[in-house]
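Whole structure, please, built from the sequences with the hints as guidance.
Protein chains in written order, with full-length UniProt numbering: chain F, 1 to 286; chain S, 1 to 337; chain R, 1 to 208.
Rather than coming from a laboratory, the hints here were simulated on the basis of the structure. Some clues are possibly wrong.
[To be verified] Listed next, the in silico DSSO-like pairs over lysine-lysine satisfying Cα-Cα at most 30 Å (straight line):
1) S:LYS215 / F:LYS105
2) S:LYS302 / S:LYS255
3) S:LYS47 / F:LYS105
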Amino acid sequence: MADRRRVNGPGSSTLPPVYDDGELDAALRRQRAPDAIRPLYLKTGVTPSASGSAYLEIEPREGEHGSGMKLTCTVHGPRSLPRSAPFSPYMVLSTHVKFAPFATKQRRGYLRDSSEKDLSTHLETALRGALIADRWPKSGVDVVVTIIEGESTRQDAVERRVEEWDVMNVLGGCITVASAAIADAGIDCVDTVSGGVAALVASKDGKDASIVLDPVALEHESILAACCVAYLPNRDEVTNLWFKGQLPSPASCNHQSLVSRAVQASRGTHGLISASLSEAIGSTQN
Amino acid sequence: MAPEVGLSRSTFAKLSPHPYLLANLEPSDDSIPPARSNGRAPFEVRKPTVNLSSLSHAHGSALVRTGDTTVICGIRAETILTDHIPNYRASNTQTELADYDLLVPNIELATGSAPQFLPGGPPTTLAQTLSTKIYTLLHSSKLLRAEDLRIWHNRPAEASFADEEEGAQESEEKEGEKYVVAYWVLYIDLFFISFDGNPFDAAWAATVAALRDTKLPQARYDPDREMILCSRKNPKPLAVESMPISCTAVIFTGKETKDQPADGKFWLLADPDTLEESLCDETVTIVIDCTGGSRKILSISKHGGTVMTAKLLTSKEFLDWASKRWEDFASAITGSQ
Amino acid sequence: MATDILPSLAIPGTILGPASKYASGPGTHIYGGNIVSSLLGNVNVTAPAKAPGPTKRLNKITAPSVEELSTISVIRRGRKREVLPDVGNTVLARVVRLMPKQAIVVIQQVGDTVLQTEWQGVIRVQDVRATEQDKVKIHESFKPGDIVRAQVISLGDQANYYLSTASNELGVIMATSDVGNDMVPISWKEFKDPDTGVSEPRKVAKPS
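Printed below as a string of C-alpha cells:
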C-alpha cells in the first residue's frame, strides 16, 4: 500500500511521543473580550512565480509561544484550461487545501484526507461568490492553500476532540488568505471576502452559554456550536456558511444570532486585511 | 539578429531566452559588465537567510530563503520499538540508520510553489528525485549519530524483579544489561513555499538547519505498558557537529541545440534560477564541509553535458567558490541559532 | 474635478463614487448605483475625451451621457497582471505544430504585455494570407519554433484562439533554419540562413 513515490520510512509502526508529565502550560483562559478577534499579519507576494500569493499569520494567544496559525496561498491563473476541459464562457475555479505534515499535533500524511476535501469545497463556494468570473472566459484559476501551522498545541487536544472545532478557524483563515492572494493576482472580485468564526461556549456542565468571536477551542471548557461565514462586507452578503454543533434546547441563543456574530467577526477580519492590502500597494509604489 | 530590432527587452527575453542570456553574458559594449538575465554576475549567488524554530508542533524546524526560492523544513520525531522492526539485530551498531529506515525525508513541491507544481497528482519526478537525493546525502554524510536516536532500557538486575515472560528472553542475554529498546524515527518534511530554481541547495540547507534545531524529548521505556514515555523537561538536542553544504551551478554553453559542436566557450552560472535551469543541460553539485577550517568534499556530482572536466571540478577557482558559498550558508544557519 | 473625494488606493469592494457622476472603467464594476473597485490597486480618473464644454448640447437638459463622464479605473502599478487575448489584439506566438489545414501556435505576448501563462491559438490555412488563399500550404508558411506576429480574429472554440496573418505586417518575424541558425527575411515569402545560404519558404511579416 505504501506509496513508492515517497520515502516511507519504517511504516505505520512508529508512534508519536507520549508524555507522562502533563502539560507545561497550565489551563488557559481567554484573555480577550468576547467580541475581540486576534491580530493578524498578512503579506502578499510571497511566491513571486505565482500570479498572486499571500501569507497569513494569526497571532498566538498573548504570552504563549507558538500556536498561532500560519497559512500560505498561491493563485495560478487565469490560464488556459486543459485541452480536455469543455468550453466555459467564464473562469473555472479550483481550490486545494493541504495541511503540511508538521501543521498539527499528529503528523499528517501526504494523501488528501476528508477534512482537507471539506475545507477545499467550502473555500470554493466562499470564493466563487466573490469572483467576477465572466470577465475571464475559457480560463481556469487554481487557488492552493497550504496550512503550515494549525492550532491546538496541547497534548489533550486530540482527546478532547477540539480539532473538529479548530477546523472552523482554519477555514476562516483559508478564506481570508485566499481572498488576499486573489486580490494580489489581480482577478476581478465584487468584494474582498473575509472569513469569520463565532462559537457558543459553555462551562463544563453546559451552563453559562455565551457567544464569543474568533474562538480558540483550548480556551474554553466546551464548545456547543460554531459557525464560520465567508462574508462580503460592502454588499452584506454571505457566500458560504458552515454551522456545526447543537444549540441547547431552551434557545438562549438561536442560529441567527450566532451567524450574525460570525459576520461581526468577519467584518473585523476585513478591516485588518484591507488595511494591510492598502499598505502593500502603497509601499511598493511610493 | 536584424528581426529582433524593435522588440522590447522583455519580449526578447520571453521569445528567445537563450540568445537573450547569451547577449547579456557577452555584451557588445565593453563598458557593460557581463551579467545574467537576472542581473547577477555569473558566479554571484543569492544570499541565503535562515529562520529557526518557527513551527511549534515540530521538534525542529527551519525556513531557508535564497532569492525567490523558499523552503520550510519541519522535523517530527516518533518512536519505534525494536520489537516492531522486522530485520532488527542487536549486534548491528554500525548501519542502524539506514537498515531500519530511521530517517524519512520527503519533499513537497505541489503547493503551487511555481506554476508547474500544482496539487492533485502524484509527486513529480523532480520531487521524487530531490527526496531521494536528500535521503542519500543524509546517510552518506553521516550527519547524525545513531546514538542520538537510540532509546535505552535497563533490564531489571535481579531475577526477582523479572516476571516469567521476560525471564525467557533474559536467558539469552545477561541480566541487568542496558539494551536498545526503541529508536527515534525522524520525519523530515520539506515544503516549498516558493520555487525559483536550485531546489536542492535550499532543501539541503533547510534539512541541516532543522536538524541542528531539533531537540528530542527525554524518553524511557515503561515495561508494564510496553511503550515509550517521554518527558517535556530538558529535551536533548541532536549532536550535529558537521555542516555539509550543497553548492550547485549550471553550465551555459550558448548553444541552443545539443548536436551543435560546442566551441569551447561556456559560463558557470552559480545558484541558477528556474529560467537558467531550463536553458542549461549540464549541472554540477558539490557538497563540502569547511567546519574547523579544513575543506572536506563529501560529494561531487554532475549530469549532462561534457564541459566540466575532472580538472575543472578540482580547480582552485571552483573549490574557492564552493568554500565561499559554504561560509554564506554556515553563517546564515549558525547566526540564527 | 472631484478627485479629492475619491480614495487613492482601492481593494475589491471599495466604493469609488456614484455611477451618475462617473463611468466604470477597467478594474471596476457597478453595484447599487455606485462604481465599485474589483481589483487591488490605484484609483485613476480619466477625464472624458471631449471636455463637456458649454458650447455643446446647450439644448439638452437630460443627464450627461456616458462619454461625458470621467472614467474611474483601478490599475495595479508596477506589477504585471494576466491579460486575456481579445479579438483585434496583435499577438506574438510561437508555432508548435503543423497540420495540413492549420498551424497550432502558443500565444506569448498580447500587445505589449508578455504573458506568464500560455494560450493556444490556431492559424487556419485560409487565414494565412489575404490573397490566393487557395494556394496557401501550411508547411510552406510556418515551421515549428517560428515566432509569428498575428491578429486575434475570434475567441474560437474551447481550446484555441483563432488567429490570422492575412496582412503585410503579419507573419513570421523570427525563424531558425534546419541547422539551427537564425535566419533573415529576404522576400515576402522567404527567409535565408546567412551562414549556409539556404533559403526556406515562410509567410514573412514585413519588417516594421
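Verification of the supplied hints:
1. S:LYS215 / F:LYS105: holds (16 Å)
2. S:LYS302 / S:LYS255: holds (19 Å)
3. S:LYS47 / F:LYS105: Violated, because 33 Å separates the two Cα atoms, which is more than 30 Å.
Checked against the numbered hints above, the structure violates only hint 3.
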